[in-house]
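Use these hints to put chain C onto chain U, whose structure you have.
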Amino acid sequence: MMTRGIDDEKLMAYVDGELGAVERAEVETLLARDPSLQERAEMFRESADMARLALADTIREPVPDAMLAALQATERDGLLKRLFRRFGGAGRQWSLPLGGLELATAAGLLLVVGGVVGSQLGGDVVYSDAMDPRVADALSTAGSGTVVVLDGSDGAEDVLPLLTFANADGQYCRHYLHHGAGPQGSQTVDGVACFDGGGNWQQVITVRLDASEADGDGYVTASGGESVLVDDFIESTIAGAPIVGPDEAELIGSDWATDSGS
Amino acid sequence: MSDTRTQLIAMLPRLRRFCRGLTGSAEEGDELVQMACERALSRLHQWQEGTRLDSWLYRIAQNVWINKMRQEKTRNTVPDLDAVSAVAGGDSRQDVETRDLHQKTMAAMRHLPPDQREVLVLVCVEGFSYREAAETLGLKIGTVMSRLSRARLRLWQMVHGDPAEAAVVQKG
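From first to last, the protein sequence lines stand for chains U and C.
Counting in this note's numbering, the first sequence runs from 1 upward without gaps.
Counting in this note's numbering, the second sequence runs from 1001 upward without gaps.
Bound-form chain C, shown alone:
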């Protein structure tokens, strides 16, 4: 019991990162962490010893998030991409550019469909293999791959602007 709690606390930084990636915002991410932890703690008995605790937590967070979005369908706080592009102007110093790129990427991630976003975060941010992501999300590997490739192409296009070369190849 207390072991699991210790593990859970040790996992908080990663859970925060995952939730921030899902929600695209620090505050909403932390709020999601909170909700996910509450649910996880009330269901600790459902976690199977010997299976990955992180994957179980991510699954819970993802479920909470999906439900939350369903309930808040009317809300639309996704930032305007143009506004984000404006941020990317300004100073040309490299750290500023880097920061701007990160902000732009975060904003772009928020524009991805949720089902693409969760796969993107699991694989590219959390380093899950396709199989692990599929098991965590209850999807087929093929579904993970198609969502992931679409998510990455869209992300790249949104951040770097020119979709021309991507569009040429992406006929299907």
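So here's chain U without its partners, still in its complex pose:
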């Protein structure tokens, strides 16, 4: 490896600009009086250029749509798993000590995750379902992240409000999950309901998820059907930031401020 007091690695480091001033001067002195060393340095320079240029065009190629789509699907999958692990999961640990900033963060996450449920899982989309009064009651009274076990369900059915926001019409809306719905209690419904002028919650979109396929993590697997982006729906209807923390508590306390829209 060694030739005339300089090894390949040092010569290469010189070419790559990795040497300090003293060593650089040493190498330059040797280079100045040794053409074969110059050739060898040139070989290191060229080889780096060859590798760089061979791949240079790659960076200008547009990233394939399929790659982006797969990336997004992957991310949704991951978020969904985390959501169910956090709010549901095998242990059904529902308590969620959220406050202030933390809640805001969670709400931001959930805004994304909400749609994840719909898009990832497909499921049946049902518009304007009749609202179960127990679900409506839970939406009226429970803060986001709080699980409300429904009356008469023996603990098998519950509602988890995920997010509160105002829509462009000035209505307050809530994104929620309703576990244990359906004839066999096997479904989770992912929905958005808005509080109308008449003092009632109106379901504006719901997606039924087949929870019977949930694995050990409580992760609900896809049950086919058309994909629905609940997050797209929320993103297209939300006006301003999600309503979190004290603001949400105030809304709940005022029975959803039926006299004011925003």
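For the record, the hints were derived by calculation from the structure and aren't laboratory data.
Treat the hints with care, since some could be wrong.
[What the hints assert, rightly or not] A few chain U residues that face chain C, going by a derived Cβ cut-off under 10 Å, partial list only:
(1) Leu11
(2) Ala13
(3) Ala48
(4) Glu61
(5) Val63
(6) Met67
(7) Ala70
(8) Ile252
Just so you know, even glycine gets a beta-carbon here, dropped at the ideal spot from N, CA and C.
For chain C alone, kept in the frame of chain U given last:
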């Protein structure tokens, strides 16, 4: 979260280049990008804020690649260098020559041992310093340098054919 995702997407072109350099092929490179992204997204919590996301991604890609190669040891799709040389014949127009040189270089890179290839791509293609490459790959700087110098000499020899002058000096 979504910030990191945005960063990750912004980094895709570079990650593709890195993976193409590692695998030596566009399809395998993209496949590796896919696998690396899947793993990265499932481990976002392991990425430390304030550290380089690209270096973390490359490390993941490199791990995935090494594992994949381990599993596919029997496979041998490395192109024949003679065949690649034949490609380099033909038209003498400069853009054709340039393209041929690139193809030859890519093929030659595939002939490098994986541990040399990853160092070569990180430093010469991605522009990492020796130290950054060492940190990314979990190697000592000396190891990075010895692999890198061997990779470059071999690459040059494979592409330009005449190893004579390289062989004279490379006694150790």
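Are there hints from earlier that the structure breaks, and if so, what are their numbers? The structure conflicts with hint 8 only, although it agrees with all the remaining ones.
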